[in-house]
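Asker: Let the sequences and hints guide you as you build the complete structure.
Line by line, the protein sequences are chains A and B. For the first sequence, the working numbering begins at 1 and goes up steadily by one. For the second sequence, the working numbering begins at 1 and goes up steadily by one.
These aren't lab readings, by the way, just hints derived from the structure by calculation. Backbone N, C-alpha and C define an ideal beta-carbon position, used for all residues, glycine too. Mixed in with the good hints there might be a few duds.
To be verified - Some chain A residues close to chain B (C-beta under 8 angstroms, calculated; not the full set):
1) Ser28
2) Gly32
3) Met34
4) Asp127
5) Leu139
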Amino acid sequence: MRKQGAIKRTLGILCVLLFSWYSAASESLPKGIMKQDGRAAPALLLEDMDGQTWDIGKARGRWVFVHFWAAWCGPCRREMPTIQAIYPQFDSAELEIVVINTAESEDTVFEFLAAVAPDLNPLMDKDGLVTERWQPRGLPATYLVDPAGRLQYLALGGRPWDSPDYLNFLKHLIEYK
Amino acid sequence: MCPEFMQSALFNSRIVTLLLSVVLLSQSAVADGKKPLKYEDEQVSMRLVLRTPEQLSAFYQGRGFNQAAIDRILETCFITPIIHNKILDAVWLELDNWQFEAGKQPIARITRDYWSGKWREAGLPQAQQSTFGWTLMPEVRDLRLDEGVGGSVVIPMQSQPFTMTANFHTGLDKKGKIKTIVFEGIQCVSKEP
Numbered sequence: 001m002r003k004q005g006a007i008k009r010t011l012g013i014l015c016v017l018l019f020s021w022y023s024a025a026s027e028s029l030p031k032g033i034m035k036q037d038g039r040a041a042p043a044l045l046l047e048d049m050d051g052q053t054w055d056i057g058k059a060r061g062r063w064v065f066v067h068f069w070a071a072w073c074g075p076c077r078r079e080m081p082t083i084q085a086i087y088p089q090f091d092s093a094e095l096e097i098v099v100i101n102t103a104e105s106e107d108t109v110f111e112f113l114a115a116v117a118p119d120l121n122p123l124m125d126k127d128g129l130v131t132e133r134w135q136p137r138g139l140p141a142t143y144l145v146d147p148a149g150r151l152q153y154l155a156l157g158g159r160p161w162d163s164p165d166y167l168n169f170l171k172h173l174i175e176y177k
Numbered sequence: 001m002c003p004e005f006m007q008s009a010l011f012n013s014r015i016v017t018l019l020l021s022v023v024l025l026s027q028s029a030v031a032d033g034k035k036p037l038k039y040e041d042e043q044v045s046m047r048l049v050l051r052t053p054e055q056l057s058a059f060y061q062g063r064g065f066n067q068a069a070i071d072r073i074l075e076t077c078f079i080t081p082i083i084h085n086k087i088l089d090a091v092w093l094e095l096d097n098w099q100f101e102a103g104k105q106p107i108a109r110i111t112r113d114y115w116s117g118k119w120r121e122a123g124l125p126q127a128q129q130s131t132f133g134w135t136l137m138p139e140v141r142d143l144r145l146d147e148g149v150g151g152s153v154v155i156p157m158q159s160q161p162f163t164m165t166a167n168f169h170t171g172l173d174k175k176g177k178i179k180t181i182v183f184e185g186i187q188c189v190s191k192e193p
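Answerer: So, in structure tokens, the structure goes:
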């Protein structure tokens with residue numbers, strides 16, 4: 001009898017601990033941020049609007065914020081000013097913010113970014129094939145690639161990156177470099 | 001496995017969820033010209049937008065689509081559902097589980113494969129094909145907590161109002177209650193003759 005009671009109590013404690021651990025794990029990420037399986041990030045070699053090439057293979061040793069967007073997409077338009085807002089807050093040697101336009105013309109991109117995110121110099125995925133290789137769940141999409149070049153997190157849709165939850169999350173990433 | 005008091009709390013919450021689901025499932029939204037094409041419960045919201053030929057032409061022309069491609073688009077009926085999973089672990093968008101019918105006759109959905117042939121005929125460049133692909137609703141998506149999705153679902157142009165029945169599995173393992181949302185009396189907006 002006493003043994004059964006002890007087993008029940010132990011199971012109860014285990015259930016509570018498991019539940020607390022699960023809640024803590026779920027709540028530690030801001031809303032809409034999904035952990036990834038750590039597989040290697042796909043290749044990403046594109047030119048920016050000045051014709052400078054950027055290669056994710058050369059970004060080892062720092063986190064990379066890889067953001068796919070297009071000016072025709074409403075959530076992308078709403079999210080972009082929040083990326084502009086956090087851009088100056090990170091040293092690119094620790095977290096590099098890379099925005100990739102999917103299959104639009106330079107005129108369209110320039111017209112949009114000049115108004116809402118003048119500091120960002122996007123990479124131009126002119127035919128959209130790099131975006132397709134990354135297979136985002138839709139546009140916009142943001143991947144966080146760790147310093148070893150592995151996909152660690154995916155942001156589902158547009159996120160308010162300049163709000164404390166998201167900003168602190170990004171700052172914590174750098175600490176765990 | 002868990003003690004009785006926890007099992008009973010879990011059981012009660014399941015009963016409450018089940019009852020709520022029974023009450024809230026199979027709701028209809030009617031497009032009678034006054035009511036908006038909207039559905040919402042505590043788990044999911046969904047609304048439909050029907051694009052006019054003028055809107056479609058302007059959108060795709062603005063993105064460099066040639067007239068031949070735009071003509072192909074205007075031969076069809078574009079419905080844009082916008083769905084948001086508010087609280088569930090996963091709501092499964094699977095377009096093969098959606099049905100369209102007019103006057104009890106099923107309407108076959110136009111899938112992504114259809115367009116690649118049309119774009120070859122129209123000589124549409126890869127960049128525009130890519131843009132078009134991103135404007136379509138994904139065929140399959142596990143919509144996670146607080147995730148939304150929007151995009152076009154395409155059917156052949158209809159002169160009569162039609163019904164769209166969208167079935168969604170729920171839960172990460174798809175073992176949750178199936179959610180069914182029905183929109184009735186939807187009308188395609190066709191090009192003026």
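Asker: Does each hint hold? Answer for all of them.
Answerer: Hints versus structure:
Because the beta carbon of Ser28(A) sits about 14 angstroms from the nearest beta carbon in chain B, more than 8 angstroms, this interface hint is broken. Of the supplied interface hints, the one on Gly32(A) holds, with its beta-carbon coming within about 5 angstroms of a beta-carbon of chain B, less than 8 angstroms. Nearest Cβ of chain B to the Cβ of Met34(A): about 6 angstroms, under the 8 angstroms cut. The hint holds. About 4 angstroms separates the beta-carbon of Asp127(A) from the nearest beta-carbon of chain B, less than 8 angstroms, and the hint is met.
Of the supplied interface hints, the one on Leu139(A) holds, with its beta-carbon coming within about 5 angstroms of a beta-carbon of chain B, less than 8 angstroms.
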